[in-house]
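Q: Spelled out from the first residue to the last, the chains are:
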Amino acid sequence: MSAIPVAINDFELATVVNQEVPTRRYEIVAKSADDLSHVTLSPGKQHAALTLHETENRQEALSRLDELTKLEHDWDACGADAIDEICVSNAEKLIDALPEKTPSPEIFPNPNDTLTLDWETTEQILSLELGKNRFSSYWETKQDTKMAEGEISKSIPDFVYIALQEMFPDVAALPEQIQEYVIEDAA
Amino acid sequence: MRTQRKNDALPIDVADEERMARALFHPYHFNKAGKIRPSAFKAPSGRNDVSVNRLRALNADACKTRSKAIRNPGDFKGFAVLSALSVRQSGSNVIDSRQIYLGHADIIHDVILTKGDPAPPAFNQRLKKMADSADYFPDPNPASDDWMGADFTKNS
Numbered sequence: 005m006s007a008i009p010v011a012i013n014d015f016e017l018a019t020v021v022n023q024e025v026p027t028r029r030y031e032i033v034a035k036s037a038d039d040l041s042h043v044t045l046s047p048g049k050q051h052a053a054l055t056l057h058e059t060e061n062r063q064e065a066l067s068r069l070d071e072l073t074k075l076e077h078d079w080d081a082c083g084a085d086a087i088d089e090i091c092v093s094n095a096e097k098l099i100d101a102l103p104e105k106t107p108s109p110e111i112f113p114n115p116n117d118t119l120t121l122d123w124e125t126t127e128q129i130l131s132l133e134l135g136k137n138r139f140s141s142y143w144e145t146k147q148d149t150k151m152a153e154g155e156i157s158k159s160i161p162d163f164v165y166i167a168l169q170e171m172f173p174d175v176a177a178l179p180e181q182i183q184e185y186v187i188e189d190a191a
Numbered sequence: 100m101r102t103q104r105k106n107d108a109l110p111i112d113v114a115d116e117e118r119m120a121r122a123l124f125h126p127y128h129f130n131k132a133g134k135i136r137p138s139a140f141k142a143p144s145g146r147n148d149v150s151v152n153r154l155r156a157l158n159a160d161a162c163k164t165r166s167k168a169i170r171n172p173g174d175f176k177g178f179a180v181l182s183a184l185s186v187r188q189s190g191s192n193v194i195d196s197r198q199i200y201l202g203h204a205d206i207i208h209d210v211i212l213t214k215g216d217p218a219p220p221a222f223n224q225r226l227k228k229m230a231d232s233a234d235y236f237p238d239p240n241p242a243s244d245d246w247m248g249a250d251f252t253k254n255s
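Protein sequences appear in the order of chains A and B. If you read the first sequence in my numbering, its first letter stands for residue 5, the second for the next number, and so on. If you read the second sequence in my numbering, its first letter stands for residue 100, the second for the next number, and so on.
Everything labelled a hint here was simulated from the structure, so no lab data went into it. Among these hints, one or two may not hold up.
Below 20 Å or equal to it, Euclidean Cα-Cα: the simulated EDC-like pairs (lysine to aspartate or glutamate) are [what the hints assert, rightly or not]:
1) 228(B) - 124(A)
2) 228(B) - 70(A)
3) 228(B) - 89(A)
4) 131(B) - 70(A)
5) 228(B) - 71(A)
6) 167(B) - 71(A)
7) 176(B) - 155(A)
8) 228(B) - 127(A)
9) 146(A) - 170(A)
10) 134(B) - 144(A)
11) 74(A) - 174(B)
12) 134(B) - 110(A)
13) 131(B) - 88(A)
14) 131(B) - 127(A)
15) 176(B) - 88(A)
16) 131(B) - 89(A)
17) 131(B) - 162(A)
18) 214(B) - 76(A)
19) 214(B) - 88(A)
20) 134(B) - 122(A)
21) 131(B) - 155(A)
22) 134(B) - 124(A)
23) 150(A) - 174(B)
24) 214(B) - 78(A)
25) 228(B) - 155(A)
26) 97(A) - 216(B)
27) 158(A) - 231(B)
28) 131(B) - 148(A)
29) 214(B) - 170(A)
30) 134(B) - 127(A)
31) 146(A) - 231(B)
32) 214(B) - 89(A)
Just the calculated beta-carbon pair ranges, DEER-fashion [as the list claims (entries may be wrong)]:
33) 209(B) - 128(A): 17 to 23 Å
34) 93(A) - 197(B): 25 to 31 Å
35) 211(B) - 145(A): 28 to 34 Å
36) 253(B) - 78(A): 46 to 52 Å
37) 211(B) - 71(A): 36 to 42 Å
38) 112(B) - 104(A): 51 to 57 Å
39) 169(A) - 239(B): 23 to 29 Å
40) 64(A) - 253(B): 37 to 43 Å
Please read all numbers here as calculations on a predicted model, not as lab measurements. Where is the CB? At the ideal position from N, CA and C, for every residue including glycine.
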């Protein structure tokens, strides 16, 4: 058993004491439980199970966002607007707020300076477009398509949270009470 | 041969059965699985037109020449090919725009997006269906001036 330093957000906070290959889950010993706010700690122990892939996944998504902030006007050669920094900030907040075990979305720029975040499984697609103050989303399942749009009042709109729970059942329970949202079936 | 064809008899009306090629550029027109992104058919804010090439008028080499001319040629990755009918069935239209060059057409959306505001979800889903209905023809040799991929002009 070898000890491997683990860094989250560039801060070395733990040492790997057990690595299970090939699941890439690591048992780690933390220096401080306070530093492991997004890692599940076993009760009474300063041990945590951290899926390193999730961390890499989040970092990849955030790196992608950073890359998209550098897009200049006309990045698509068809007159596209540069991506608005508020849209990027909204996306960062959403990614930071994603529950454990929820994969990070694929992120794409839109020519109207917004961002689209997509999650896809074999049977379902969730697409979320984040603007400066508003979001729009559709959720395709085998049964139907649901849609929602509205003001961005939370890091993760309720409609999106519910869809993610369906798509990725391991998602933790909604931490706040669900508020009403607009939802309609596609024609 | 990088020439246009059938120019003299090109009707202004774009028939339903006509196929059109939309130039695709890496990396923003594809997802990780290599599928065409709906945003490939989205217009910038304040506009509702998306450029395409009419394959009734332009051969593959001409399409590639036109496409590489508008952007860093190294970013060019191929074409999304779809019929005018599939565009119209989705709720948008296709019109000839030969004032840009003969063989140029525009997909015209009935939605004009505002800067910083997301598109209506139904419109985004429409664009997804449009992207899904398109066939992707990758360019195996983007550096070449000639089209060396599969023939996407057949049935035009």
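Q: Checking each numbered hint in turn, tell me which of them this model violates, lowest number first.
A: Structure breaks hints 2, 3, 5, 6, 7, 13, 15, 16, 17, 21, 23, 25, 27, 28, 29, 33, 34, 36, 37, 39.
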